[in-house]
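Here's the letter readout for the chains.
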Amino acid sequence: MDLIFLEIYNVLWGSFNGIEKHAAVPVKNVLKVLIQHNLVEFSAKTPFSQPIYQANSRNIYFLIRLQRAFELIQQQLGLEARGIVEEIVCRGQLPMSKLLFICGWKQYDDDPNKSSLTHADVLKIVKKHSSTFEALAVNHYCCRTAQILYDPEDLVPQTTYNEAVKYTLPPVNVEVIATRIREENSDLSDFEDSLIGWKIDISNFYREWRDDIVTSALKRRYQNMVDNKIVRILASKTFTCSLEKGLPAESPWLTHRDIAQHLARFEDGEKTAAKLDEHLDIMLQDPKTVLSCESPDIGPYSLNYSAAMKHIMFDLVEHIILQRHGFFAARIFRLIRDKIYIEQDRIAEVGMIPSKEAKHLTFVLMHDNFIKMKEVRKTYNATAASNKIAFFFHIDINDVASALLEFSFRSMTNSHIRRNFEKYNFRMSLAKEERVTRIYNTVRGRGATTEQLQEIEDLITPPEKEVLKRARIYNDKLPLLLLPAAP
Amino acid sequence: MSTDSSIPSTSGPSSKAATPEDKKEKLSKFERRIIELAETFPKGIPDKIIQSDMPEVQGAERAAAINNLIEMGILDLYKQGNELLYKIKIKGTETSHLKNADKEERVVYEIIKEAANKGIWIKDIRFKSNLNQTQLNKILKILEGKRLIKPVKSVAANKKKVYMLFELEPDRSVTGGAWYSDQDFESEFVSILNQQCLRYLREKLDQSENLVEKIGPRAARYHALTKIEDVCNFISNLRISKVELTKDDIECILETLIYDAKIERIVKGDSVFYVAVNSFLDTPGLARTPCGICPVFKECTPNGLVNPKSYIFSLLIHPSKKARTLKPHFKLKYTETLPSRPLLCPAIMSRAYRVAQNGCTLSSLKKFQ
Chain A
1 MDLIFLEIYN VLWGSFNGIE KHAAVPVKNV LKVLIQHNLV EFSAKTPFSQ
51 PIYQANSRNI YFLIRLQRAF ELIQQQLGLE ARGIVEEIVC RGQLPMSKLL
101 FICGWKQYDD DPNKSSLTHA DVLKIVKKHS STFEALAVNH YCCRTAQILY
151 DPEDLVPQTT YNEAVKYTLP PVNVEVIATR IREENSDLSD FEDSLIGWKI
201 DISNFYREWR DDIVTSALKR RYQNMVDNKI VRILASKTFT CSLEKGLPAE
251 SPWLTHRDIA QHLARFEDGE KTAAKLDEHL DIMLQDPKTV LSCESPDIGP
301 YSLNYSAAMK HIMFDLVEHI ILQRHGFFAA RIFRLIRDKI YIEQDRIAEV
351 GMIPSKEAKH LTFVLMHDNF IKMKEVRKTY NATAASNKIA FFFHIDINDV
401 ASALLEFSFR SMTNSHIRRN FEKYNFRMSL AKEERVTRIY NTVRGRGATT
451 EQLQEIEDLI TPPEKEVLKR ARIYNDKLPL LLLPAAP
Chain B
1 MSTDSSIPST SGPSSKAATP EDKKEKLSKF ERRIIELAET FPKGIPDKII
51 QSDMPEVQGA ERAAAINNLI EMGILDLYKQ GNELLYKIKI KGTETSHLKN
101 ADKEERVVYE IIKEAANKGI WIKDIRFKSN LNQTQLNKIL KILEGKRLIK
151 PVKSVAANKK KVYMLFELEP DRSVTGGAWY SDQDFESEFV SILNQQCLRY
201 LREKLDQSEN LVEKIGPRAA RYHALTKIED VCNFISNLRI SKVELTKDDI
251 ECILETLIYD AKIERIVKGD SVFYVAVNSF LDTPGLARTP CGICPVFKEC
301 TPNGLVNPKS YIFSLLIHPS KKARTLKPHF KLKYTETLPS RPLLCPAIMS
351 RAYRVAQNGC TLSSLKKFQ
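Residue numbers (full-length UniProt numbering), protein chains in the order written: chain A, 1 to 487; chain B, 1 to 369.
The shape of chain A in the complex, shown without the other chains (with noise of 0.2 Å):
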């Protein structure tokens, strides 16, 4: 599979026969099993209908934040709607009958006690896994799938998507479903639902991680002069979202007794009720533009995403510069980004730096890809002298974003081949605490005392257990290890 959705993926999109041929080998199930997970898509080339396939990377992509998207699932709607997520995610789509059932075969096989679980007591399950399946869907977790035409004339089956029905539940009878898992018959053939398939709409993660990221900013950059509060009410949800048509760029617009009376929700949000008109204010005059409104006084107010994403996304990268290559070079990058274009010597004059540092900074951010230089020629001559020519520098934030993009995966790499070199060095000491592990285990269930375990643990001695503190910094925590910030 991996190597024909590789050659899938290199050629982007291509005829079945193509494919076959670079892949030399059958396809057809591999093709079903990567459609089935919305990995592939599929459609009829025009004028000889031909199918055609085509990788689809937003989902790749998807692939590597899985575990983001579960821990989102679970903070959210809790554990069991973190269970029906990944179901889904295993079986690529499948119907909220079948769904229904296996979660709740699962946890019907998983009870010590099954053969004591009335009818009541399974139907009780199946609803609780319903309902939780009814918030994913409202929440805009899962959508329906494109139902798929057969045509017998047709090379190509047509795909049509209804969008008034994405997240509208089908009518699924859990008394069936319940009587099922009971008799452990897991054919649901017969189910109304079983041609309507679901799977998980990605784009509204996305929109979650971005609120989130956006929340979490706002709320370190006006720390208690804005209650977050506010800030979280606003960045409420909006459904109306997906990837190809991009995220919304602005929150729903809401007026100030909206944002008000849901305060009034909160613990304490009365009190912050009550000063809204101070707090929304000094949002409203911050520089960076993050609340748009219609009148100051009463609003409505909404979150300018676009421009707070932004501001965040400057500050990433003018942290990293800072990081890299110190203050200096990070006043640099924010004075070109300041002034668009900008010669030498204004940057060593306008950002007070002693000329040298400027340009050998200059020099740096420019080898880092940070900035790009621009000649104008002061004479029309072709070949007229260096000193004819003015020198601009200016950010091109696509070179940039790529120049952090590699950065970001030589630094993973580096983090993995290290982990990989330390586990080595490490590998008498890690194998010898697993075999004192081992024993220290066995003999603790056969009921050894106090002192005969205290013996066993002092087998590794105080320098072996300082090497293995060691290893386990490196094994566990490199490709997370993060150092203090540099002062």
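In short, the hints are calculated from the structure, not lab data.
It cannot be assumed that every hint is accurate.
In silico BS3-like pairs for lysine-lysine, Cα to Cα no more than 25 Å straight-line [unchecked claim]:
hint	chain 1	residue 1	chain 2	residue 2
1	A	K374	B	K298
2	B	K262	A	K310
3	B	K309	A	K432
4	B	K309	A	K219
To give an idea of the interface, some chain B residues facing chain A are shown, with a C-beta separation under 7 Å as derived from the structure [as the list claims (entries may be wrong)]:
hint	residue
5	G81
6	R221
7	N278
Predicted model, so just to flag it, every value in this text is computed and none were measured.
Idealized CB from N, CA, C, for every residue including glycine.
Starting from the known structure of chain A, fit chain B onto it as the hints suggest.
Here is chain B on its own, set in the frame of chain A:
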């Protein structure tokens, strides 16, 4: 040149005491007409205009009259391209020291005067006056001796000296303002002022954050807003500067803090306030990984001299002063990379960059340094 009976004698005590008005009374009709023309065209009149206005006057006669007017200090002679221009001299511009000066000295003096407090470079004086280097040096020495002009070192270039009138205060662009002493940028002084300004604004923000509960967010916010005058007073009370710092100087310092993203400028009506701000993000994880601060990150490859298994990586994992101050002075064989030593001229940088992009060795890049 022929002499006219109406041209007054410039020698003798009586002529020295004569005012320009007295002089004008003694002028011939032809000379008066030249003055009228010069007054009509304040930018200067070329010889052709005089010729066409008074075709009856012969060339020699015309030359004598113009010479006389120049000697009397009524007209000034300028050169534009290959053409001579006659300009009326503005009243009261001549200093008493220039009375005995010759024509060349006057010309040089006028050129320097035009440059005002920004000064003029000796090369530009030579170009404008059409005098040779030796002659110009001599004149400049004389004018300096008479305390009419003075040389001032410019911060723009190390060896560049500009001339301006003796009584003028050099412009900030020439001296660099309070931040330069003897052409050297006082970076430590600037950094101390930078820190103190930030400390003042930061303290005000911290105070105001503590006051939110008591006085409400809006009032607390106003407490944090600071006018430039307050910052000036704070700095002057600290007495860390020997020179008196102006509002503009402090504004320059605050400008650098804005570029450091530590403060922001807020405009309310006609007033401008400064306030310390918190950044949106904490130090990102990427910047805190060993590679995030590695000075030889670009040279790092899995099988290279610098690699993730090498000593430098271990140094970076253990946050010590030694690792942070590590400089990229490893003797590496450079291929397809740029030299770590800074290149000073952007033009050379550009050329070196182009060469390096195509791939080259260190030795071939060394010639650019």
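Do the hints match the structure? See the list:
1. A:K374 with B:K298: Roughly 24 Å between the alpha carbons, so the hint for A:K374 and B:K298 holds.
2. B:K262 with A:K310: Given that 25 Å is the threshold and the Cα spacing comes to 18 Å, the pair holds.
3. B:K309 with A:K432: Given that 25 Å is the threshold and the Cα spacing comes to 24 Å, the pair holds.
4. B:K309 with A:K219: It is violated: about 40 Å lies between the C-alpha atoms, which goes past 25 Å.
5. G81: Hint violated; B:G81 Cβ to chain A Cβ min 21 Å, cut 7 Å.
6. R221: 5 Å, holds
7. N278: 5 Å, holds
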